[in-house]
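**Student:** Protein chains in written order, with this note's numbering: chain A, 263 to 662; chain B, 263 to 662; chain C, 263 to 662; chain D, 263 to 662.
FYI, nobody ran anything at the bench for these hints, they're computed from the structure. Since this is a predicted model, take the numbers as computed values, not measurements. Just so it is clear, CB atoms sit at the ideal spot from N, CA and C, and this is done for glycine as well. Hints are supplied without guarantee of correctness; some may be wrong.
[Unchecked claim] The calculated lysine-lysine pairs, modelled on PhoX-like cross-linking and capped at a C-alpha distance of 25 Å, are:
# : chain 1 : residue 1 : chain 2 : residue 2
1 : D       : K660      : A       : K526
2 : B       : K510      : B       : K534
3 : B       : K510      : A       : K642
4 : C       : K576      : C       : K616
[Stated by the list, open to error] Negatives, chain B to chain D, calculated, CB over 12 Å:
# : residue
5 : E344
6 : K616
7 : E634
8 : P653
There are 4 protein chains.
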Amino acid sequence: MAKTGHQKIEWVSKHMSLLNMLQKGDYDLTGWRIGMSIHLEAKTAYLAITLKKLGAQVVVTGCNPLSTQDDVAQALADYGIEVHAKRTTDEKEYFSFLHRVLDSKPDLILDDGGDLTVLAHTERREVLENLKGVSEETTTGVRRLRNLQERGILNVPVIAVNNAKMKYLFDNRYGTGQSVIDSIMRNTNLLLAGKKVLVAGYGWCGRGIAMRARGMGAYVMVSEVDPVKAVEAIMDGFEVGKISELCKVADIVITATGVKDVLKEEDLLNLKNGAVLANAGHFNVEIPMDVLERLAEEKYEIRQNVMCYKFNGKEVYVIGLGRLVNLAAADGHPVEIMDISFALQTLALVYLSKNYATLEKKVYEYPAELDEHVARLKLKALGVEIDELTPEQVEYLKNF
Amino acid sequence: MAKTGHQKIEWVSKHMSLLNMLQKGDYDLTGWRIGMSIHLEAKTAYLAITLKKLGAQVVVTGCNPLSTQDDVAQALADYGIEVHAKRTTDEKEYFSFLHRVLDSKPDLILDDGGDLTVLAHTERREVLENLKGVSEETTTGVRRLRNLQERGILNVPVIAVNNAKMKYLFDNRYGTGQSVIDSIMRNTNLLLAGKKVLVAGYGWCGRGIAMRARGMGAYVMVSEVDPVKAVEAIMDGFEVGKISELCKVADIVITATGVKDVLKEEDLLNLKNGAVLANAGHFNVEIPMDVLERLAEEKYEIRQNVMCYKFNGKEVYVIGLGRLVNLAAADGHPVEIMDISFALQTLALVYLSKNYATLEKKVYEYPAELDEHVARLKLKALGVEIDELTPEQVEYLKNF
Amino acid sequence: MAKTGHQKIEWVSKHMSLLNMLQKGDYDLTGWRIGMSIHLEAKTAYLAITLKKLGAQVVVTGCNPLSTQDDVAQALADYGIEVHAKRTTDEKEYFSFLHRVLDSKPDLILDDGGDLTVLAHTERREVLENLKGVSEETTTGVRRLRNLQERGILNVPVIAVNNAKMKYLFDNRYGTGQSVIDSIMRNTNLLLAGKKVLVAGYGWCGRGIAMRARGMGAYVMVSEVDPVKAVEAIMDGFEVGKISELCKVADIVITATGVKDVLKEEDLLNLKNGAVLANAGHFNVEIPMDVLERLAEEKYEIRQNVMCYKFNGKEVYVIGLGRLVNLAAADGHPVEIMDISFALQTLALVYLSKNYATLEKKVYEYPAELDEHVARLKLKALGVEIDELTPEQVEYLKNF
Amino acid sequence: MAKTGHQKIEWVSKHMSLLNMLQKGDYDLTGWRIGMSIHLEAKTAYLAITLKKLGAQVVVTGCNPLSTQDDVAQALADYGIEVHAKRTTDEKEYFSFLHRVLDSKPDLILDDGGDLTVLAHTERREVLENLKGVSEETTTGVRRLRNLQERGILNVPVIAVNNAKMKYLFDNRYGTGQSVIDSIMRNTNLLLAGKKVLVAGYGWCGRGIAMRARGMGAYVMVSEVDPVKAVEAIMDGFEVGKISELCKVADIVITATGVKDVLKEEDLLNLKNGAVLANAGHFNVEIPMDVLERLAEEKYEIRQNVMCYKFNGKEVYVIGLGRLVNLAAADGHPVEIMDISFALQTLALVYLSKNYATLEKKVYEYPAELDEHVARLKLKALGVEIDELTPEQVEYLKNF
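Same shape as in the complex, but just chain A (with noise of 0.2 Å):
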């Protein structure tokens, strides 16, 4: 199994040309102990492999039970890295992972959703001794270290590598818009052409989803709480509406909104025979599993990574059991949307090694001149080149 896993990390080193370049760079770890919490499969591996290769000790588990690939994880630690992760539906071994990564004392965490960083500042705060930043990935994650800092809590500096543009303009939209379709389509093999396509939510995310939904043929319907957005959503040509309503028509419901019970027992009841369901949002609180396990006289896998729950005389078909789907039951983001995004890990890293000392206890916006750099790095790996402003246009910005 290890022999697949080798060969997943050898695809996507293939393919990450931001990380290749940066191991090629100046830049060093030497001496660093970094904790990793990330969804563990090729691209994340290899992002751990590029900061072993800068001279950090890395440590690493997985940030969700379900997104864990068994055979990465072992090929991982032919490369020197300490792994404790495991594939499991079992949260407490997802948790007492966590915790043999702590066990490490990190100066550094690279985080994905904010648990580890969380349980450093709760159950584990005697790591917070040695613990010198953090950098975090998701904008759930983020909202989580705000929430920590709001109350008091935090003891280290955080950038928030979510909030990069490279990060967020692409990773959520791009990232996410392509691996949740393309996840729906391997799962079920079901035509999207004409298809009544639910999305919740029209953040990033959820705009990602609703222009691929659309790009493969999908009617889309959006539902949102946000009234800018909402208008957004209509002049962008998709039907906007209550959840409550619109899961009465609708073939697929995606969510991606960052907040729980998104769909109300009511609307599992509403919802039509053989209506699909998936999560695109960080955790599994979207579609409410709890209650659809409740409202369940029967259910059984009916294809792999689709349960099928009966109730009320219907079908209900739910991807990758309300995990996020597209790394739950699939591969995760496109390999080059990780590469960008760990290419600003990489460098946030690097940056917080260097500038701890003087850096605050708080969440820090990603550092704008890293963000250009990583862009500029993009547009050299596909070999674009575009213009500059000349002085006089400069001078004209400024003083007309």
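Take the given structure of chain A and dock chains B, C and D to it, following the hints.
**Tutor:** Same frame as chain A, but now just chains B, C and D:
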């Protein structure tokens, strides 16, 4: 393994509404022996089951060495259907299965690509005595059987199911479009947004692929030999040019032409390092695999279904060995598309069983009234009502 | 005013590359008298000029009361072409111009919609003696001349220019698509993004309009009577339903069906307050203007080309009096589209002049070799080179 | 002529639902003198009328020499509004009108582009004594007023209406997108499908234009100076490169950058014969008209609003003299877009009238609660209901 085969068949049975309607209709094939050669996976299995439910005796094989799913083949046997098929790369074994089907002396043939019918008209002419009709699924097959007709060899009436509007307007566009893109995404995990995708051929398949590749954010280039189609591709906003030029900058090349050697040896040598090749045409002749094999200094499977060829200091990746990529390395057309096509097939076989005696030995277009009937069944399945012309409007169209 | 007519003709002359190529070719119409009935604006004027340059004597009138641009008509006279046309709402005056053209006893007719040819075959049968052929531009016209043929009245060979691939695949889709949307935008200044646009008819025109309306961000709904086209519209992601239901929520209704009374009286009564109506079909019968006139308690021009009808406590706006909106209230098809169509027309007239003696008195499909010739001319004009099949590939297609 | 002005105002009044709602609300501007400098056409006229209905005394001029519609200016006077404006190419006359507005000693300024406010802060500093606030409409204007602030000159609070989400997400994208394409189509009658359209700048305006040009079938190329935006454009499927290269193959060039001299002299010399140039930026400096005038061996108006420049053996066409093409040569943004922007403007002026005393002399972002209020008004006008977060969900977002 058969368990997963049964699961797969159950899953598709829930989404093949038209076949389910036909099973409940008053169609009768009692006493008819039907030889099927078709990509053997869950959907075609459900067609076989449907024909059996209408009373037919069904003998099945594959129509492409790599497109047979063994678990489905096993499960099908449990339904009392005679199956001769195995996923293989051995062309000889593949043909031995075709012979086994002909051994059963079928009354009707349901063909996909024409291999079974051509064999019956060449090496196995003794089976023609009993054969009363053929329904053929694909463009390629129809072309081959028309060749038989032109050469004066064709001995039975053939219904060109491929030429039904409900077939070629849907299967070749929405079906191939989605499933080819699905296969490329799931087998590479590469980002399509911003990728330079070259689609060779702008027939119904090619434009479906181009439309969906663009729908996923790709930059799409098209090559064509038909000047009218080339102008259409330009007006659809695609870059159009000679394949020998476009292949130099393509990240992904997808062939959908129906002819052999779409890429020449020189083109292979001019590909970018890291180019991905996939074929969406019926036969594995569009990408010249023989030339690639000859050029390769090294080759190995770098990811499941992806073969890496090294030559001239670069790597080129081929998905599914150059066989039609949506079947050889994914689940084929979406379920609902095959449901439409197979409703057409079922009605064609019933039609042949009733009318064979009065039909000529030639290739017939698909009967228009059956075509429209299937369209109305599909609208019914979708719950969509449409308008009817009023008598005054009919009169207007006639007499104005 | 003629100055603006000359300007308009000069402008289009710079963008009608195909006509310019044909003018420099070795085509000869010397001695042939051609009667043209066509939407008289700059592009058709340049067709008349082209025919004159090839040696023909040209007599021109309009083919729709409102589509004649008077400044162009005047300018055309300066080129030595006999013009009988005026923008008018007076049907009688319109028909008097048709009669004037027939008075010239044309050898060939270039018709658009069939009015001139039908007149020649009914009230003015004496002109048939001299008439040697007709080329007809539109779907509607071809249908009418086929009706003549079926009734045994047709007395000359007719070339269905409309049925050329380079015509119906382009003019009816890219031409109508763009120009109808252009006309609605320029005449209303209303936002299309998020608007509910109902397109009646999903033929080539309807799908062009639907595609472009979506391209401007509209939410597009489609009504159809053909079940196959209805399923296509669904799979293209549009909402499909009965016009009597969809018209209740539409902000804009565009008819493109070819039949009369697309909206019924009840539908008009059910329209939303502020609904905008436009017709893209050849005749002004799709929106029942008579019913609207009868219902209206008040009517007045509220914006140039936009008539406001008040009834039942609401207002409904009709652009261009229900005549084809891209010509009655804008500049018609884009120049390059008409350039293609008129290259087809020119070649059809030359073809008729050479072959009329051996042709039957029926409606002919457009000659395939001329069709392909025009496609190749267009590629040349665009500077695009395409592939040719190799002899091996041709052989493969024949013999496989 | 004033009659057409009245018609135009009546037409827009029927589609400016938000202004109509505000007129019926309990907003009061009695006693406030408002100086407006704005593209003077029907929609802005209706804003002036709305402000007057709320009690204000309104003095109006244009904000761009060519964008004033004289019939509307005349009609507006009939509503008891003081108007100083005329369509002109005379910059001096244009500035004299600005002075006339300042002569009225306005309490508040509603500015578009910043000319009026800059004038008040430079040559006419005596008016600052009475001035209590400014609301500014555009990106360019906000930048200029920020420059004033940075130079320590700004003497009043400024509300950056442009920075409201309901402004920049809509006006600059859906508004500019549609109206620029509309203007190019109506002024050229050229086909967009298959045309090579180069959009310079991928800010909100540029991406709106690119999206709509693609929506009409164009092949879209993008130039940018910001590397992040350049990568976005690539991932949106556009060709991205240096303007100096792309302009050599462009059929149409549209500038939307906010800086001067987007095309250099060498670029002009490299344009294709027949290239069409249009500017969508606020000032007529993006296309270097001075260079074009110098190069031209001959120039003349070849179509209304289209100037032909001949040089170097080729012709280049400029629409609207290089001024913003949707206003100088069409009707500006669609009515509903301006309705939203002007609802924001109206609320900003009411806000300034109430809070000016406590505000600092700086540029303020648009108040978020007013922004959301306008979004909810728009949803109400559209008849769309959306979801609200439940208390449990609000809690979840806070505490998780």
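**Student:** Hints first: check each against the structure and report whether it holds.
**Tutor:** Hint by hint, here is what the structure shows:
no.: 1; hint: D:K660 x A:K526; verdict: 20 Å, holds
no.: 2; hint: B:K510 x B:K534; verdict: 6 Å, holds
no.: 3; hint: B:K510 x A:K642; verdict: 18 Å, holds
no.: 4; hint: C:K576 x C:K616; verdict: 59 Å, violated
no.: 5; hint: E344; verdict: 49 Å, holds
no.: 6; hint: K616; verdict: 47 Å, holds
no.: 7; hint: E634; verdict: 31 Å, holds
no.: 8; hint: P653; verdict: 37 Å, holds
Consistency note: the structure conflicts with earlier hint 4 alone.
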